[in-house]
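Chemist: Here is how the chains run, residue by residue.
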Amino acid sequence: MTYKNNKSNSRREFIKKMSAASIAASATTLPLASFLSSCSPEVQKRAATADSVILLWMAGGMAHTETFDPKAYAPFEKGLETNRVLSTFPKHPTVVDGLEFSEGLQSIGGVMDKGAIIRSYKAADLGFILHTRHQFHWHTCYEPPQSVQAPHIGAWIAKELGPANPVIPPFISIGQRFTMGEAEELKAFHTAGFLGSEYGPFLIPDPSEGLDSVRPPEGMSLKRFEARYKLYKALANKSEVMEQASDYQRESLMRSMEQSYRLLNSPEAKVFDLSQEPKDVYDTYNTGRFGLGCLLAKRLAQNGGRFISVSTEYEPFLGWDTHANGHTRAKQMKALIDRPVAQLIKDLDESGHLDRTLVILASEFSRDAIMEGRPGEEVRDQARRQPDKIEHIRHYGMHRHFTDGGSILMWGGGVKKGLVYGKTADERPCVSIENKVVIDQVHQSIYNALGIHPQTHYEIEGRPFYTTPDGKGKPILDLFGKPMKALENNIS
Amino acid sequence: MENTNWILQFFGRLHPLLVHFPIGLLVVALVFELLTLGGKRKGLREGINWMVYIGAGFAVFSALFGWLLKTQDEYSGDLVDNHQYTGIATAILAVITAVILRKSLKKSILNLKAYRFMLVATVILLSIAGHLGANLTHGEDYLTEILPGNKESYSTLESSALLTELKGASELSELQKDKLNLEVRGLFAHKCYQCHSENKQKGGLVLEHKEGVFKGGTSGLAVVPRQPEESEIYKRIILPANDKKVMPTKGKLLTPDEIALIKLWIEDGAHWSDKAVKVFPEAPLALTQPELPTVTEETHPVDKIVSVYFKDKKVDWNAVVDDRKFIKRAYMDVVGLLPKPTAVNAFIASTNPKKRELLIDELLNDSENYTQNWLSFWNDLLRNDYSGTGFITRGRFQITTWLYKTLKQNKSYDQMVSQLMNPSKASEGFIKGIQWRGVVNSSQRTEMQAAQNIGQSLMGVNVKCASCHNSFISNLTLDQAYGFASIFAEKPLELNRCDKPIGKIAKVNFLYPELGSVEGETLKERLLKLSEVMTSKENGRLYRTITNRIWERLIGRGIIEPVDEMDNTPWNAELLDWLASDFIDSGTNLKHLIKRIMTSKAYQLPTVSYKTAEAIKQDYVFKGPVLRRLSAEQFSDAISQVIAPVYVAVAYNPNEEKMPAQRIWHHQKDLTNTVLPLPGKRYFRKTFQLKKENIQDASILISVDDAYKLFINGKPVGTGDNWTNVGKYNVANLLNKGTNCIAVEGDNKGKIGNPASILFAMKVAFKDDTVFNLYSDETWLSTDVAPKANWADLNFEAKKWKQVKNYGTNNWAKLLDFTFKDHQKTFARASLVKQHPFLKALGRPNREIVTTTREEQATLLQALELTNGGFFNGILKQGAKKWLNTYGNDSRLIVDTLYQELLGRAPSKEEQNIVMASLGEQPSTAQVQDVFWSVLMSPEFQFIN
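Protein chains in written order, with my numbering: chain A, 1 to 492; chain B, 1 to 945.
Next up, chain B with everything else stripped away, as it sits in the complex (with noise of 0.2 Å):
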């Protein structure tokens, strides 16, 4: 086997050059034969015969050869299966001609025709083999890469004018020298770069830098000034393109006129300008506020702009949507609430012509909901959540509190930013990022990370890159990156390439030094003037991003795309640059630029439909807003509005009570080890001397994982089995003054270990308005031995019951209802939420990272979440059972008054029919959960249109 592997293989390789002979051959062959055409040039016909004999022939043998070399050097994948099947095609229509050619020589002008046709059909399909054969050795974009519009492609065009601007002149002047300079630096960093940069120094040469270019590398200076034959550079870039030692070595040689420009640069002393080359597109910093046009049309600014916009692109206005729509777009917008029935109808009854922007205003005005609905926007963009990595070794810090208040007292953006920036204690978690035990990668250091974040989700500039080495997709350099992450450090980092130490320290600088300086003594004082520095309205980079993020979140595509990449090109600059500046005229006003963009005309246009998701970030022109999917917490408050809570517990409680009880249970050991709880029933007591006899009032709260019976000096008080039902009991005539006893049969249910608590509260008020407190925490006892039947007595002696252990918070959520005060709250907003399953399935990220963009795709695994999970189907049977309860059997109220709650609308006699006709007349629970998810399954509620 092994022998005749390598003939074989060596066959194969012969292919490439094989292939050369069919391809001249058969083309020379056509042209020949087209000489022919008409009957002139009868002399050519041998010849040409000849020529398809043998370059069919060897068609056939570059065929198989080919076929060797896929198989014996295992090629693989679509191009060359493409190269293969073309090639071996080819062949057979080779063959094919030839033998038509045989026949059609025995004169038959049938058979010439068919040949020369076949011939034609040969050397296309040759052609097309060839052009793939070719990709595979050189590239799949080797012939497109030179093709003119190509990012990649340096326009050669500016540096012939220039060098056609210096000649003339007899002598540069600085401005002249300085445009020289940054041209050639410009053609380093596009032809040298890839490799002689700091990254990646071939040769020892770096031609980022002005020290690089003059130090030169191990073969030389590479540049002498005023002296070209002697600077390394020039000597190898003229040398001819065969030579080994020419420059560069990959891609195209330069062109004279990019070589004759180095040349001059050269000659006139290299010169070294102060300006900064930008290899890259870079955003202008500063924002002046566009005039308006003048359109007496419209009158809404944004509709002025757009209005423009529209006429070039020759786009007409669409109406706007109705009424019906727009309240269900407001409400999610504003709220992330669907409206109830009653305030669709008012609204649309409604004759103020005004209605649309008093409604918005009226949502914005309901700060708590405003604040609950947006949260979850700042808490992605800020990385913010209630669990996630670093908390468990106080690597991580929530911003929560501030953040909340923040929002709901609608601070200024600037404040925002400069309490991010300089932070107090409740806001310092941004920029202390996550810090991981251990040693990390120095890109991922915590100071890294506040620069990190801090441009992306704030400048729109990506730093990632710069943290680990110069930029290739930006000007930022590592330099700057570390000088960026100085700011945060009690010490001057030492910049790292890669993960290595480069023996430099970084000096302390922001990303736009033109902004001003950030250096200072202590780290207060760099992060007062960063905040300083950052909120300047000269940074006018600050408030375009956050404008941006804005309207993306509002028309579901950003003015400028992808919208953490804010050097990239809007689709219409003046409108982001207008409605930036208005947001700091307004005073860095959220709400207001919430509902600057809610009142135009261009947000209540319809939504535009698109067949893939590239339609919306290429060549993207705006028509009106794109069709949006509800966001997890959305649809899940959704459902908690209209079938039945999906979450009655939250991670931040905003109006919290405070209470020091503790999620206890049975201490549960392997060895000398904690485990998790096995199932099975645990009992737990506790004694307790009341001092005093004239109680008022005695209240009990009790919530337990999984079921419990509650006892009070023993008797039986009440019973429960869902630990988000907190049990409330009212316990003033079972009290006594002196010893009293709470004994609990807890019961952990499952197969196999798994969280389990008790979490008690009782508050005695005593006629005197002295108040006693007890709370369930380490001191109750509990046992897993079923004890004698009189175990929750008061004179039960509990010999050998252990203390109990604190479970900890961490698998319950606040209970809303676990509060001995009055409240409204029927259920919690999906925002207050800890991560869970089912947010997660439907796209809430884990913010581990900042997370700008959520995937609004439907998946799979979201699919099934939604058709089994056990968690969403249980909350529609309680909402289905709810449902039965309020409206009885009565099929016809169920369905409109469903669609009405869910859609903002009645249902069409037809839905009437097909739901009425599944629900029956006697409808079940089943039947009427089914409803509800079919309902909730539809594209209609789960978009905002």
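Only chain A is shown next, with the shape it has when bound in the complex (with noise of 0.2 Å):
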């Protein structure tokens, strides 16, 4: 099997495997957690107009004025007032007529005529800015604490809609590693939560070695992997526990096992190797982990992939969280995302699954060169001592937490292309001015386009649990072109 552009794979024959898929899941799918009782009520599917999600995940907070918002370019020079300091990049025009990038999203700016831009999120306001605390609710649409543990959306989804292809799990996390600082924190909202382990993330914290955890273990043959599972079989059909086979622990721990062995033995384990792609492909791609991550995103969707997440990868400190040197670490972080993150767009929408996969590029919050929070509730700076004058390169940038302004990038699912949608001040503070938009509402959007009901809630410990908090959000129905009426609004 080649991967290479899917052309040859026309949209009926896509739509046909990832129909039969879905079927085959549906026939093995696992008991649910059996304390759970779904009160959705009459588990609503409604016309969605994407089958697949893929979150870019800009970890640690990304100036939207360094990035998908420039706002007045001041070059450094020793002794710039650090109040000048709205961009540290000039603007670039995009394909798109009058919306400009800031400098080094070229190739992001090329296409944006495939998607759309919300440039007004406001991040929640949560008192003291803690980088895991916004990525928690981003991820969960729920503050940190709760009372019952909040599930990913990811898991959300793989709960409602399941695994698209039945040997790829629904919910692949890839690009976060849990070894430093917050590493808790982290693995606090990495998870499927009262929904049950079952809906939890498959992390591929190294995309070069995603292959690793759907194939057979290291050092064994497939022949030899075969022959484990069929004297397990033997075996167990023999043991005089087997005898009484009516139990359903007993029948879920069977099932589990050869679904396992199923998925492992399968040859579809292949969308996990990126050796399978042309040299040329992977070089597009391979600016570093997050470049590769991108690439398996890719062929994961083109695959029967449902819900993938690819990260820049929270570390204090790094990545996006620049608290010193912000315009040179920027530069870093803008050349690390931009050629995989257009590339990614072109190659589905070249591939025809563009049109039913949702790609989202957003960040827990914005960053700002003065500002610590947002205006009326500015917090306790974590920053590093801000001169009011630069005398050094690495105090310039943005190197203080915003949460009143911030950039989400879509593409795809019944997105409208070429939309730009909300607004931020031009001047300090750059806040949110227009069509301000909420973290309910980005969830209530992806579910919306994968036809999930907004209502769609459990009960856990007495309690109605909702995808976006007491089922009040409301999707942004202006992003959305009209649904599409076509065949395929059948597949879930």
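A hint or two may mislead.
Stated by the list, open to error - Lysine-lysine pairs mimicking DSSO-like chemistry, simulated, CA-CA at most 30 Å apart:
| no. | chain 1 | residue 1 | chain 2 | residue 2 |
| --- | --- | --- | --- | --- |
| 1 | B | K669 | A | K331 |
| 2 | B | K709 | A | K270 |
| 3 | B | K749 | B | K737 |
Unchecked claim - Computed from the model, here is a short list of chain B residues facing chain A with C-beta under 8 Å:
| no. | residue |
| --- | --- |
| 4 | L37 |
| 5 | Q444 |
| 6 | T672 |
| 7 | I752 |
| 8 | T852 |
| 9 | E855 |
| 10 | E856 |
| 11 | A858 |
| 12 | W933 |
Everything labelled a hint here was simulated from the structure, so no lab data went into it.
Since the model is a prediction, treat every value here as computed from it, not as a measurement.
Glycine included, each C-beta is placed from N, C-alpha and C at the ideal position.
Hints given; two lone chains; assemble the complex.
Modeler: Here it is in structure tokens:
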């Protein structure tokens, strides 16, 4: 099987395959965590405009003024007043009339005719600004801590829609390791919570090693792998305990083993193998682990991935978390994301998958050179002292957390093309001033595209727990064009 | 497009109107048709014919318009689909019926029968379609909700009975007044709270409490004592159903009896009782030990009670399980380990009639293993863990040391609860909760967490709902939750409803005020009072809750389920109360409770199979224990016992030899920031002075992630490539008086940045009994540039080498073997290990919140971890090598030993053949590894049967 720009896979074949896959999936799905009772009003499937989601996660707080919403450029010079610094890069036009991006994002600018930009995101006001708290909030839509374990948006989607291809786990998280500071806080939201671990993330910290998680253990040939499974089956069937095989627990154990065996034995595991890509494609994506993560996400989306997140990875003071050297670091980060993100959109578009794949690029909050928090709600400063006048390049950049503005990019999955939604002020503080968007709306927009009912909820410990708090979030319908009424609406 | 759409949509919306025609016409046609049976009432014929024709016509239109409605208005879902299919089928059948009818008119008796049959079929289908349609508009439970036995419907029988009683009386007694008022308030709760409660004050009216009722709402006074006609409530409930102002607007109107009752209450002066209305069933607090039934056939108290229960439920006693099964159960339940084959055989061979009880005693007396097994249960219950959110900002504290000691010394449950309520530094972590930085939802402030966790873990009551608003699932109110939380607060708390302050200060109170006051000037005083109130013997709830939990642990299903909702009905209240009282009589001795249950026949019955998980939850009848899966910790420890150590390092080591050694590595930076160590070799040096000559003994401990070469004064000492294998070296002859130098070449493997470290300790004992210690710390130097060949020599000048960085202990657990002492530990019990992906996959919870029941069901992610997880398969491989070393190539011996050790029995002939065929004459590591895997994956191993 080759995966080169899947043009040969016509749309119809693709759909056929997907449907077959979902039927197979539903036949083998394990029983749900039994203490849950779905309270979703008769599990309505809405007309969906997307089947899968790729979340490109800009971890650490990406400054909107340095990326997708540039303001007046103040070039570096010794003695530059910090207050004059809104953007440390010049602007460049994009393919969309009137839409300008910061320097270093020209490739992404080149695919904006296929997607939309929200320029008015407002992160929540959670008092002290802690990255992992805002990330928890972004990914679960709930503020930590909660009295029950809140599920990640990927887990909700996995639970409601199941795998699109039975051999590809429905929630895959690429790029984040859990080793340094705040690892526990990161783990707290990389979870299916009360939905049950069945829907939890399948973690691939290093995309170049993704294949290892879906093939027989290292050093085990396929032949040996098959023989081992046969031996297990033979022994399990001979065992005395299996005489009373009617117990649901035993059955679910046997079934899960069989499913796992089929998955690991499946030729489709090659989807996870980046070495199947031609060298030039690989090189285009390879700006580092994030770029390769985009490449893996592309392969997954083209072959029945459901929810895939690719993170630039959060480590305190690394990545987008610029507390010093902001300008230099932003340049590095843009170089990391620009090419692979643009290529991902182009490739999905070319293979026909972009129509049904919603790609989102977002960050937990934005940054500013001066303001920590938001106007009126300034919070304790966490940056090293920022001098009023910049004498050294390391002081040049956005070193504080800003929650009152921010950009989110979206492509595909029914999103209007070339749309610019919302606006931030051109002077400091560069707050959202038009069509303000909060996280509940972002989640509901994603659910809307996927056809997941906005009131979806489960009762846990006597409490109805909704996808967005109290089920009150509303999708931003302006983001979507007219819903497509095609055959594929039936896929789910 | 746009223009035609609205027309289609309009037609679609005519569907509900149109459907009534075929319903009416076809049903009446059928009735008339029945009337003509036997050739009677021939006059109806013509009318029936037209009804069928027109009915069929309308059925077709209805189906068509229905389809339009579905597509134009985007209805979807199973219910809609089913309605659609039955609707279309009805239309088709109706048309067929009409056609056959036309033919039958042409004198064919056969056709007449066929037509009548079709008409009946059409009407049946029509009824189904109609019902499904009605469910769509009115909700699926529209019909069933009024059926008797539904929990939501409020019994009107009581109202009527009370009304009859009171109407007969000339003047109401105080008791009757109270009764009347409570009944009326019960009515309010069921019929009015939905809109008129603190949570949702429609029209400004709150009917939950006295002030609200007499204050009224925006439409005026709700209740005017003695004047029903002036009371807004009465005026509104007597309005006709179609009046806009009638109450309740949602749901059914009040019955005449209910209305009369409210009227009577107002006429009688609207007396308000001091008693609280219990809308939801609530278990009594008090606990008295029930008399044991006089069952002579049984000796064990539990079995006496169960005997009576069995008789009542027509269940027969099964024979208890055999010794082989019993010993595995007993080991797993008490110490969480597999019995050794020798122990199994000795137990079976023993003829002592009391051997089961003796075994239980013996196991309970193994306090270390008992503690390390039950620690997981308590960690789950008390939300205690070695890692998790909050620790990073000192917003959370462990209670491990205290808990371990408490279990090891088998402190009484009373003492345990007292020390949790009124804690020392060592046990305060439980009520301190998890503090996140920044603003948190007021229902998650740490004081409220304390209230919630005590409620859930110790009292089996849900305070979580009530901490945000008056509970919808219990009688608890917001006031009560805040009153409870205020015990733990330095200052009285202001109530927040749904995270909004409501300008009311909480009054300190316990959830069950009848148990006594918890008020006090200081926090300490209140906590002391709380600890007394909690453990007062009137608080039967505390003891029932823990008794039920222990029963659930041992039997697989609680006497009450869910185990956190102790207001639910037990399957046998006598049993629960007897055990709880017995537990109190024992001095709240947890081991006594465990033993009491385990010595019963009820515990020793064979496991019962269930087809679904629901079957255990609902309509449960006790017949014997439920099949239980090995917990993550039990699974891991069993592998450690038999195959190879799964863990050799722990987060908490009760026998730790404390040393100040730090995990150090070359300081890896990106610009100015510290980052994860990159792969590659790094070089480390430490010089030190020895002031004396007469060395008695000098030993080194070293653990390096990932690999090392160790030198002393330029001479190679040893190498290692696995941080979990502690390198132990005797180096007395390499050291000299004066300056010495330790040098380590460390290698960080992998492709991307990942944790790396050196942990080093050296102890030099001199003949004069003095000791010199040296540890890895930040005074060591390192470089990432490959140095000259003599870099490990004493006289090498480490110019440009930099200070190392202490990379903390987060990524590396405490190695049991990192000690200078002798010890017997070959593996670490999983209960002492920090949360690990392998344990997590097997169901160990992240203890961010209290977890009282683990997910036991197998999942795909879990199966994947077991099937291809590198960690797990690595351990099996290591074990296979070990076994081959021990047993040589003897396939037969390997099979027999494996079955004995893992399953506690010899393999059958058939099993032996299968495994030996797979191992062959000369088994390889891979073959042994795969046999391990196959037996470990078997249900027989994974379940406690």
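Chemist: Each hint needs a verdict: does it hold in this structure or not?
Modeler: For each hint, the structure was consulted:
no., hint, verdict
1, K669(B) x K331(A), "holds, 18 Å"
2, K709(B) x K270(A), "violated, 39 Å"
3, K749(B) x K737(B), "violated, 36 Å"
4, L37, "violated, 41 Å"
5, Q444, "holds, 5 Å"
6, T672, "holds, 6 Å"
7, I752, "holds, 6 Å"
8, T852, "violated, 10 Å"
9, E855, "holds, 6 Å"
10, E856, "holds, 7 Å"
11, A858, "holds, 4 Å"
12, W933, "holds, 6 Å"
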